[in-house]
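Asks: Residue numbers (numbering that gives the first Met the number 0), protein chains in the order written: chain A, 0 to 334; chain B, 0 to 337; chain C, 0 to 268.
To be clear, the hints were calculated from the coordinates, so they are not data collected in a lab.
Please read all numbers here as calculations on a predicted model, not as lab measurements.
Careful: at least some of the hints might be erroneous.
[Claimed, not checked] Listed next, the in silico EDC-like pairs over lysine to aspartate or glutamate satisfying Cα-Cα at most 20 Å (straight line):
1. A:K275 - B:D263
2. A:K275 - B:D215
3. A:K275 - B:D224
4. B:K55 - B:D25
What follows is the residue order along each chain.
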Amino acid sequence: MSAPAQSPRVSTDILVEIDRLVKEFPVERGLLATRDVLRAVNDVSLALRRGEILGLVGESGSGKTTLGRCAIRLIQPTDGRVMFEGTDLATLSARDLRRFRRRMQLVFQDPSGSLNPRMKVGDAVREPIEVHDIARGSRARARVAELFGEVGLDPSYVDRYPHELSGGQRQRVGIARALSVEPQFVVLDEPVSALDVSVQAQVLNLLSDLRRRHALTYLFVAHDLAVVRHVADRVAVMYLGRIMELADASVLYQRPSHPYTRALLSAAPVPDPTAKRERIVLSGDPPSPVHPPSGCPFHTRCFHPRKDARCVEERPELRPITAGQSTACHYADQW
Amino acid sequence: MTPLLSVRNLSVSFATPRGVARAVDDVSFDLLPGETLALVGESGCGKTVTALSLLKLIPEPPGRTDPRSRVEYAGTNVLALGGEALRQVRGGQIAMVFQEPTTSLNPVLTVGSQIAETVRAHRETDRAGARERAVGMMRLAGIPEPEERYGSYPHQLSGGLKQRIMIAIALSCEPRILIADEPTTALDVTIQAQIIELLSDLRKRLGLAVLLISHDLGLVAGIADRVAVMYAGRIVEEATTADLFARPRHPYTEGLLQAAPRVDRPQAALAAIPGSVPSATAWPSGCRFHPRCPHAWDRCIREEPGLLQAGATRSSRCWLVVEPERRRPATTAVTGTA
Amino acid sequence: MNRRVRAGLLLLAVLFASAALAPAISRHSPVDQPDVVRLQYAPPSWNHPLGTDFFSRDVLSRTLYGARISLSIACLSVLLSVTVGTMVGLGAGFAGSAVDAVLMRLVDAGLAIPRIFLLLVIAALWPRFSVTALILVLGLTSWFGTSRLVRAEVLSVRNREYVTASRVLGLGSSRIALRHVLPNVVAPILVAATLGVGNMILIEAGLSYLGFGVPQPTASLGNMIRDGQDALLRAPWVAITPGVFIIVTVLAFSVLSDGLRQASDPRSA
Numbered sequence: 000m001s002a003p004a005q006s007p008r009v010s011t012d013i014l015v016e017i018d019r020l021v022k023e024f025p026v027e028r029g030l031l032a033t034r035d036v037l038r039a040v041n042d043v044s045l046a047l048r049r050g051e052i053l054g055l056v057g058e059s060g061s062g063k064t065t066l067g068r069c070a071i072r073l074i075q076p077t078d079g080r081v082m083f084e085g086t087d088l089a090t091l092s093a094r095d096l097r098r099f100r101r102r103m104q105l106v107f108q109d110p111s112g113s114l115n116p117r118m119k120v121g122d123a124v125r126e127p128i129e130v131h132d133i134a135r136g137s138r139a140r141a142r143v144a145e146l147f148g149e150v151g152l153d154p155s156y157v158d159r160y161p162h163e164l165s166g167g168q169r170q171r172v173g174i175a176r177a178l179s180v181e182p183q184f185v186v187l188d189e190p191v192s193a194l195d196v197s198v199q200a201q202v203l204n205l206l207s208d209l210r211r212r213h214a215l216t217y218l219f220v221a222h223d224l225a226v227v228r229h230v231a232d233r234v235a236v237m238y239l240g241r242i243m244e245l246a247d248a249s250v251l252y253q254r255p256s257h258p259y260t261r262a263l264l265s266a267a268p269v270p271d272p273t274a275k276r277e278r279i280v281l282s283g284d285p286p287s288p289v290h291p292p293s294g295c296p297f298h299t300r301c302f303h304p305r306k307d308a309r310c311v312e313e314r315p316e317l318r319p320i321t322a323g324q325s326t327a328c329h330y331a332d333q334w
Numbered sequence: 000m001t002p003l004l005s006v007r008n009l010s011v012s013f014a015t016p017r018g019v020a021r022a023v024d025d026v027s028f029d030l031l032p033g034e035t036l037a038l039v040g041e042s043g044c045g046k047t048v049t050a051l052s053l054l055k056l057i058p059e060p061p062g063r064t065d066p067r068s069r070v071e072y073a074g075t076n077v078l079a080l081g082g083e084a085l086r087q088v089r090g091g092q093i094a095m096v097f098q099e100p101t102t103s104l105n106p107v108l109t110v111g112s113q114i115a116e117t118v119r120a121h122r123e124t125d126r127a128g129a130r131e132r133a134v135g136m137m138r139l140a141g142i143p144e145p146e147e148r149y150g151s152y153p154h155q156l157s158g159g160l161k162q163r164i165m166i167a168i169a170l171s172c173e174p175r176i177l178i179a180d181e182p183t184t185a186l187d188v189t190i191q192a193q194i195i196e197l198l199s200d201l202r203k204r205l206g207l208a209v210l211l212i213s214h215d216l217g218l219v220a221g222i223a224d225r226v227a228v229m230y231a232g233r234i235v236e237e238a239t240t241a242d243l244f245a246r247p248r249h250p251y252t253e254g255l256l257q258a259a260p261r262v263d264r265p266q267a268a269l270a271a272i273p274g275s276v277p278s279a280t281a282w283p284s285g286c287r288f289h290p291r292c293p294h295a296w297d298r299c300i301r302e303e304p305g306l307l308q309a310g311a312t313r314s315s316r317c318w319l320v321v322e323p324e325r326r327r328p329a330t331t332a333v334t335g336t337a
Numbered sequence: 000m001n002r003r004v005r006a007g008l009l010l011l012a013v014l015f016a017s018a019a020l021a022p023a024i025s026r027h028s029p030v031d032q033p034d035v036v037r038l039q040y041a042p043p044s045w046n047h048p049l050g051t052d053f054f055s056r057d058v059l060s061r062t063l064y065g066a067r068i069s070l071s072i073a074c075l076s077v078l079l080s081v082t083v084g085t086m087v088g089l090g091a092g093f094a095g096s097a098v099d100a101v102l103m104r105l106v107d108a109g110l111a112i113p114r115i116f117l118l119l120v121i122a123a124l125w126p127r128f129s130v131t132a133l134i135l136v137l138g139l140t141s142w143f144g145t146s147r148l149v150r151a152e153v154l155s156v157r158n159r160e161y162v163t164a165s166r167v168l169g170l171g172s173s174r175i176a177l178r179h180v181l182p183n184v185v186a187p188i189l190v191a192a193t194l195g196v197g198n199m200i201l202i203e204a205g206l207s208y209l210g211f212g213v214p215q216p217t218a219s220l221g222n223m224i225r226d227g228q229d230a231l232l233r234a235p236w237v238a239i240t241p242g243v244f245i246i247v248t249v250l251a252f253s254v255l256s257d258g259l260r261q262a263s264d265p266r267s268a
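With the sequences and hints as input, model every part of the structure.
Replies: Structure representation (structure tokens):
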């Protein structure tokens with residue numbers, strides 16, 4: 000392990016450390032099956048502090064979902080590693096990994112797809128409790144009722160099937176199931192984007208509540224900047240597999256320093272016709288992650304007045320700009 | 000101003016295994032020339048069914064449009080039309096853009112030929128003329144290099160470009176009304192901003208009236224002139240955009256605005272609306288929002304309010320309009336997050 | 000319950016009951032030859048409601064007892080083939096890569112050989128067939144299609160999010176396969192199986208008709224048709240009775256399987 004330089008206080012503060020992570024997917028195209036490589040996550044390092052909510056924001060194809068899934072080794076990274084409280088997840092055997100799953104969980108975007116349609120929701124929550132030997136029989140059932148209460152579901156719903164519940168209720172079941180194994184770390188993969196606004200607020204409040212009550216650490220993956228602003232302590236903005244900006248939420252939303260972050264914030268609609276806001280409309284589509292641009296991945300759509308040849312040739316590294324804010328832009332401080 | 004489109008007492012129901020679902024119940028509204036009217040609501044409120052039934056696009060059965068429903072356009076009831084007359088209104092006078100550009104385009108035809116096809120369905124023109132017009136529409140819809148893109152297949156284009164193609168198809172026959180059903184929901188934020196800009200630009204240039212169907216209050220705030228909020232198959236509030244967002248008069252609208260997280264300012268907590276949307280087969284008695292309403296009293300349970308005038312240009316389906324003293328002070332009924 | 004399921008089940012209940020209660024329905028033994036001379040090819044009468052055959056045996060009795068044999072053979076061999084096919088398909092689809100490749104090449108080989116030909120070869124090599132052997136042979140030569148079907152279903156279900164969710168929860172592979180994958184592929188298996196029973200009755204009938212199936216004098220629907228074909232004009236009842244029984248049974252299974260297909264969506268319940 001490579002952390003002797005850090006003070007012990009800080010290093011114990013880190014729960015999950017993602018180090019130079021790369022994930023590639025092969026893409027086969029055409030009849031001749033020329034093999035290309037899609038680099039969904041490209042050299043990303045990120046540390047999650049114990050007890051924080053780190054928002055991971057990006058548009059489709061940014062690699063945010065892939066990064067979230069690598070963080071709990073649901074998929075195997077191509078390169079780099081993920082340390083969980085000092086354990087390199089890649090070194091775990093299949094058996095040990097199964098046991099390790101108690102400590103890190105995932106909540107899915109689509110609450111209907113992530114529940115077995117032929118299993119009563121109570122059984123879906125009870126199964127992991129029994130498999131991990133947390134409780135059995137009537138005590139496991141009591142624990143399920145307790146979990147249902149905790150996520151705001153009537154305990155009488157244990158005998159229902161997923162299709163008999165509303166979207167919001169199903170997502171509560173998904174959350175109860177993730178909590179059933181008493182994890183420390185939960186990856187929330189777009190947990191509210193399939194829900195209606197009124198229900199979305201319920202689930203967001205619930206997630207904040209549960210974090211406090213159980214001292215959880217979240218990686219909150221989302222495309223909706225407003226939702227992330229509401230829950231996250233820190234926010235990482237991804238574009239084409241790389242982190243463009245990483246900052247404390249209070250800083251990022253007040254003083255975004257990367258042009259892409261600024262564009263995202265200005266494009267996010269606000270339910271207030273009188274709001275005065277900077278209006279940036281990016282031209283064109285994001286380039287394909289199979290053939291990312293040279294230099295700064297964002298240079299093809301960038302509107303920064305200082306944009307020049309350097310942006311095309313040299314990729315900017317993520318570097319600290321101000322306290323609690325790092326940005327991968329050569330001219331982040333020259334607006 | 001005389002309305003361009005006038006919807007009166009529109010009721011649409013569906014036969015389901017669980018009973019009759021009254022998806023849209025006695026909905027009336029006007030669309031004025033050149034304006035953008037937004038129909039806002041959450042899933043299951045009936046906004047999409049309303050949009051589809053304006054052009055008789057609801058399959059019957061299982062759907063059933065109440066015979067008293069009227070959709071008046073240029074002096075005729077669209078719902079009474081059939082055959083050629085209906086076809087001329089669809090696309091020719093009233094066009095539609097859907098949420099999912101990927102499934103709305105035919106995957107085995109080039110996008111250009113799909114635009115040209117629509118042109119030829121509504122106009123006397125030869126192949127070359129249709130092609131020329133299609134290229135012109137693609138340019139109008141902001142598609143770069145339209146001549147080259149003419150021969151592209153849908154899968155070769157990004158989601159944003161496909162939605163631009165859909166808009167080109169919709170506008171190719173110079174309709175006077177555009178119905179846009181969640182036109183940006185399937186798109187990324189930066190692309191969504193492009194499409195919204197395109198739509199408002201086209202509206203000004205072509206003098207279109209737009210009926211925007213959306214669940215996104217932020218989107219609506221940005222482009223609509225007037226807003227009608229739907230809940231449980233009914234319009235519950237109607238007002239100009241400025242009035243609605245400044246001072247919502249229906250508790251549901253109020254709840255929606257408080258529940259939506261905002262990107263432009265920090266918020267302490269989100270006030271969620273308790274419970275969930277009722278089922279269309281069993282709407283609650285009285286006011287359909289009463290089980291979730293913080294102000295509800297016995298009258299709300301017994302008696303459903305009509306759309307009550309709440310000002311010169313606005314109305315709200317809520318008894319608070321006539322009994323404002325019943326309003327409870329803002330409670331601390333906030334769950335979670337201190 | 001779905002209307003077709005109900006109709007199919009009702010019809011099958013009648014058919015199975017009549018086969019099971021054969022002794023109560025018909026007074027004659029299926030193998031008795033009361034009077035080979037005077038009662039040969041006797042037309043339907045009060046004593047023999049569906050007539051007699053060449054050996055003066057009662058056609059009704061033979062049909063009912065034959066149905067017992069034919070239905071048992073069909074059901075048991077389908078049970079065997081579905082069990083083997085499901086296990087192979089589940090294993091191949093769930094284990095993936097190497098296991099999948101080996102098993103599926105095996106299945107391809109099995110499917111490449113025409114089944115009736117395979118059965119004829121086996122029958123030729125092994126001339127004295129017991130009913131048990133027939134069930135084994137039919138069952139063990141007909142699971143290839145099922146295993147392909149199951150594998151395809153497993154491959155699609157395996158990528159559903161609830162299966163991913165079970166992996167995230169740290170559940171073991173066999174538990175995921177049996178508790179989360181299998182229940183969600185049962186519906187198409189059930190549909191295929193019900194259709195398979197009808198098909199199996201036809202195959203057994205074909206084999207018996209060719210003389211390789213159920214040995215005489217035991218009655219089966221297939222060998223009865225063969226007995227009847229020599230006198231199709233003189234005594235049509237000998238072949239037509241078992242023929243009608245086969246048609247009705249196959250039809251009932253196909254109605255049932257159609258209904259199951261409709262009803263298998265949990266949302267339609």
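Asks: If any of the earlier hints don't hold here, list their numbers in rising order.
Replies: Checked against the structure, no hint fails, so every one of them is satisfied.
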